[in-house]
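Asker: Assemble the whole structure, with the sequences as input and the hints as a guide.
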Amino acid sequence: MGFQRVVAYAPSGVTALALGIVNGVFGGGPDRPAFETVVCAEQPGDLRTDLGLTLRVDHGVAALAGADLVLVLPGDGFRAEPGAAVLDGLRGARAAGAVVAAHCTGVFLLAAAGLLDGLEAATHWQFADELAARYPAVRVRPDALYIDHGGVATGAGAAAGLDLCLHLLRREYGAALANRIARGLVTPPHRDGGQAQYISAPVPGDGDDRRLAEVITWARDNLHRRIPVAELAARALMSRRTFARAFKAATGASPHAWLLAQRLDRAEQLLETTDLPIEEIAHRVGYGTATVFREQFILRRGVAPRDYRRAFRQYPHPVGRDAVLTTDRRDM
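For the sequence shown, this note's numbering begins at 248 and goes up steadily by one.
Rather than coming from a laboratory, the hints here were simulated on the basis of the structure.
We treat Cβ as the ideally placed atom computed from N, Cα and C, and that holds for glycine.
Please note: incorrect hints may appear among the correct ones.
Now the in silico label distances, taken between C-beta atoms and shown as ranges [what the hints assert, rightly or not]:
{"id": "1", "residue 1": "Ala-551", "residue 2": "Glu-377", "range": "33 to 43 angstroms"}
{"id": "2", "residue 1": "Ala-384", "residue 2": "Asp-335", "range": "44 to 54 angstroms"}
{"id": "3", "residue 1": "Asp-456", "residue 2": "Val-433", "range": "17 to 27 angstroms"}
{"id": "4", "residue 1": "Arg-547", "residue 2": "Glu-527", "range": "13 to 23 angstroms"}
{"id": "5", "residue 1": "Pro-277", "residue 2": "Glu-526", "range": "34 to 44 angstroms"}
{"id": "6", "residue 1": "Val-433", "residue 2": "Asp-335", "range": "38 to 48 angstroms"}
{"id": "7", "residue 1": "Val-433", "residue 2": "Asp-522", "range": "48 to 58 angstroms"}
{"id": "8", "residue 1": "Arg-488", "residue 2": "Trp-465", "range": "13 to 23 angstroms"}
Answerer: Structure representation (C-alpha cells):
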C-alpha cells in the first residue's frame with residue numbers, strides 16, 4: 248500500500264504556507280485516501296509560526312515512530328542546533344522504512360541527521376551555499392525543484408513544497424489522484440524546469456504571452472502528432488530561436504523537454520484509466536513505435552509501462568521508490 252500515516256514535523260517558526268500544503272495534499276476530503284495526518288513538534292504545546300500566530304501541537308517527536316511518510320517543514324530557526332531527540336526520531340523513522348522528505352530550510356534538519364550524506368539535495372536557492380558549507384557531505388543542487396532518492400526526498404523553497412508533495416502522491420498513488428488534488432488546489436500537477444526560472448529569467452510581453460499560451464494549449468491537444476519546434480514557432484509568429492528563448496522563459500523548459508514531459512504524463516493517465524494496448528497508447532502520445540515509448544517511459548519513470556499499469560490496477564500501490572528522480576532545468 249502507499250503511505251497512509253503522514254507525520255509533519257513543525258519546527259519553531261514553522262511557515263504557515265508549509266502547514267497549508269500538508270493539509271491541502273494530505274488532509275481529508277472526498278475521493279482521496281484516508282490519510283492519517285499528524286503534526287508534531289519537538290515538544291507538545293504551543294508553537295510559534297512565522298506569522299506570529301500560535302499553533303497548538305498535541306504530539307511530540309515520538310509521533311515520528313510508525314510514520315509511512317515524514318515531512319520536515321521549514322521554519323525560521325533552522326540555524327539553531329537541532330535537539331538530539333528530533334535527530335534520533337528522524338533517523339529512527341527512516342530506518343523503520345518511512346519516506347522522509349523536506350523542502351526549503353527543512354532540508355537543513357535532514358542534513359543534520361545525516362540522512363543526506365552522499366546524496367544530491369535541493370533547497371531554496373537563497374540557502375544553497377549555506378547548506379553546502381555547513382554539510383559538505385551533501386551535494387547541493389541549487390537549480391532543482393525537487394530530488395527524489397526513493398526513501399529520502401528534498402525540495403526547493405516555498406511553493407516547491409507543493410511540487411514535492413504532489414510528486415510523492417503521484418509516485419505512490421498515481422497520476423489520476425495527484426491530478427485531481429492539484430485541480431482542487433488550482434495548481435499544476437507537475438511543473439517543468441528548475442529554480443533558475445524564478446530567480447532572474449525574463450518573461451514574455453503581453454502579446455507574446457498570449458500567443459505562447461495558445462501554442463501550449465494547441466500542443467497539449469495534439470500530442471498524438473509529431474510536433475517540430477519550427478511548427479510551434481510559426482504558430483507563435485516567432486523565429487525558432489526567439490520562440491525557444493521565450494518558451495523556456497515562460498515554462499522553465501525547452502520545447503522538446505516540455506513535449507516529452509507532456510507525452511509521458513498523458514501516457515500515465517491512459518495507463519491508469521484505460522485498458523488500451525501499450526501500442527495504442529504509444530501512438531496516442533506521439534511515439535512512432537511502442538519500443539521507443541517503452542524505452543523513454545523506463546528512462547524517465549524507472550518502470551516499464553506494463554508494470555506501471557499493473558501497479559496501479561489495484562489502487563493504491565507504490566511504484567518507483569528505487570528510482571532517483573530530479574526535476575530541474577538541466578533535465579530539460
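Asker: Quick check on a hinted range of 33 to 43 angstroms for Ala-551 and Glu-377, using CB atoms only.
Answerer: 41 angstroms, holds
Asker: Are Arg-547 and Glu-527 spaced within 13 to 23 angstroms by their CB atoms?
Answerer: 20 angstroms, holds
Asker: Quick one: are Arg-488 and Trp-465 within 13 to 23 angstroms, going by C-beta?
Answerer: 20 angstroms, holds
Asker: Given the range 48 to 58 angstroms, decide if the beta-carbon distance of Val-433 to Asp-522 lies inside it.
Answerer: 31 angstroms, violated
Asker: Using the C-beta atoms of Val-433 and Asp-335, is the stated range 38 to 48 angstroms upheld?
Answerer: 39 angstroms, holds
Asker: At the C-beta level, are Pro-277 and Glu-526 separated by a distance inside 34 to 44 angstroms?
Answerer: Since the Cβ atoms of Pro-277 and Glu-526 sit about 36 angstroms apart, the hinted range of 34 to 44 angstroms holds.
Asker: Lying within 17 to 27 angstroms: is that true of the beta-carbon distance Asp-456 to Val-433?
Answerer: 19 angstroms, holds
Asker: Is it true that Ala-384 and Asp-335 lie within 44 to 54 angstroms of each other by Cβ?
Answerer: 19 angstroms, violated
Of the numbered hints given earlier, the model fails hints 2 and 7; all others are met.
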